[in-house]
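**Q** Residue numbers (the numbering used here): 1 to 83.
FYI, nobody ran anything at the bench for these hints, they're computed from the structure. Model, not experiment: these values are computed from the prediction. There's no promise every hint is true.
To be verified - In the SDA-like style, the derived pairs of lysine to any residue whose C-alpha atoms are separated by at most 25 Å in a straight line are:
no.: 1; residue 1: Lys7; residue 2: Leu22
no.: 2; residue 1: Lys50; residue 2: Gly32
no.: 3; residue 1: Lys7; residue 2: Ala17
no.: 4; residue 1: Lys7; residue 2: Ser25
no.: 5; residue 1: Lys43; residue 2: Phe28
no.: 6; residue 1: Lys50; residue 2: Leu37
no.: 7; residue 1: Lys13; residue 2: Ile30
no.: 8; residue 1: Lys13; residue 2: Lys43
no.: 9; residue 1: Lys7; residue 2: Phe23
no.: 10; residue 1: Lys7; residue 2: Glu19
no.: 11; residue 1: Lys7; residue 2: Gly29
no.: 12; residue 1: Lys50; residue 2: Ser39
no.: 13; residue 1: Lys43; residue 2: His54
no.: 14; residue 1: Lys13; residue 2: Ser39
no.: 15; residue 1: Lys43; residue 2: Gly29
no.: 16; residue 1: Lys13; residue 2: Phe28
no.: 17; residue 1: Lys13; residue 2: Ala2
no.: 18; residue 1: Lys13; residue 2: Met1
no.: 19; residue 1: Lys7; residue 2: Phe28
no.: 20; residue 1: Lys43; residue 2: Pro53
no.: 21; residue 1: Lys43; residue 2: Met24
no.: 22; residue 1: Lys7; residue 2: Arg18
no.: 23; residue 1: Lys50; residue 2: Pro40
no.: 24; residue 1: Lys7; residue 2: Val21
no.: 25; residue 1: Lys7; residue 2: Ile34
no.: 26; residue 1: Lys43; residue 2: Ile30
no.: 27; residue 1: Lys50; residue 2: Ile34
no.: 28; residue 1: Lys7; residue 2: Val27
no.: 29; residue 1: Lys7; residue 2: Ser31
no.: 30; residue 1: Lys43; residue 2: Ser31
no.: 31; residue 1: Lys50; residue 2: Ala36
no.: 32; residue 1: Lys43; residue 2: Leu22
no.: 33; residue 1: Lys13; residue 2: Ile34
no.: 34; residue 1: Lys13; residue 2: Phe23
no.: 35; residue 1: Lys43; residue 2: Pro33
no.: 36; residue 1: Lys7; residue 2: Ile30
no.: 37; residue 1: Lys13; residue 2: Phe35
no.: 38; residue 1: Lys13; residue 2: Gly3
no.: 39; residue 1: Lys13; residue 2: Met24
no.: 40; residue 1: Lys50; residue 2: Val27
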Amino acid sequence: MAGVMRKTIDWFKIAWAREPVLFMSCVFGISGPIFALVSPWTKDTVATMKSIPHVYPYPQLEDQDLSDVDSHGDNIFKVKYLF
1 MAGVMRKTID WFKIAWAREP VLFMSCVFGI SGPIFALVSP WTKDTVATMK SIPHVYPYPQ
61 LEDQDLSDVD SHGDNIFKVK YLF
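With the hints as constraints, model all of the structure from the sequences given.
**A** Structure representation (C-alpha cells):
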C-alpha cells in the first residue's frame, strides 16, 4: 500500500512540474462536483427545487371561451380580415 501511495505522489509531483496549468485544471474540474455534492447548501437547494411546481395554473384563462384563438395565440378573425 505504501508503494502505491508513493508512486501516486511521485506521479503528481512530475505532473505538477511538467504541466502545472493542465494539472490545476484537472484538479478544479474534479473538485468542483465533489464540493457541490458535499456542500451544506445542497440539501436546502434540493428541497427548494422540489417545492417549485412544474406547471403553473393560468386562472385568467380558465373561464374564457378560446374558440376564436388558434394554437399560436393569434385571433382567427384578425387573420381572416387580413386577406
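**Q** Next pair to validate is Lys7 with Ile34; report whether the Cα-Cα distance is within 25 Å.
**A** Roughly 24 Å separates the two Cα atoms, so the pair holds.
**Q** Quick one, are Lys50 and Leu37 close enough, alpha carbons at most 25 Å?
**A** holds, 17 Å
**Q** Does the structure keep Lys7 and Ile30 at a Cα separation of 25 Å or less?
**A** Within the cut-off at roughly 20 Å; holds.
**Q** For the pair supplied as a hint, Lys13 and Gly3, confirm whether the alpha-carbon distance does not exceed 25 Å.
**A** holds, 15 Å
**Q** Is the hinted pair Lys43 and Ser31 satisfied, with a Cα-Cα distance of at most 25 Å?
**A** Satisfied, since the Cα-Cα distance of roughly 19 Å is no more than 25 Å.
**Q** Does Met24 lie within 25 Å of Lys43 when you go C-alpha to C-alpha?
**A** violated, 28 Å
**Q** Run the distance test for Lys50 versus Pro40: straight-line Cα separation, threshold 25 Å.
**A** holds, 17 Å
**Q** Take a quick look at whether Lys43 and Leu22 sit within 25 Å of each other, Cα to Cα.
**A** Between Lys43 and Leu22 the Cα gap is close to 32 Å, so the pair fails against 25 Å, i.e. violated.
**Q** Given the hint that Lys7 pairs with Phe23, test it: the Cα-Cα distance must not exceed 25 Å.
**A** Within the cut-off at roughly 17 Å; holds.
**Q** Can the restraint linking Lys50 and Ala36 be considered satisfied, given a maximum Cα separation of 25 Å?
**A** Status holds; Cα separation ~18 Å.
**Q** Can the restraint linking Lys13 and Phe23 be considered satisfied, given a maximum Cα separation of 25 Å?
**A** Cα-Cα ~10 Å, so holds.
**Q** Please work out if Lys43 and Pro33 have their alpha carbons no farther apart than 25 Å.
**A** holds, 15 Å
The structure is inconsistent with the numbered hints 8, 14, 21, 32 and 40, although it conforms to all the rest.
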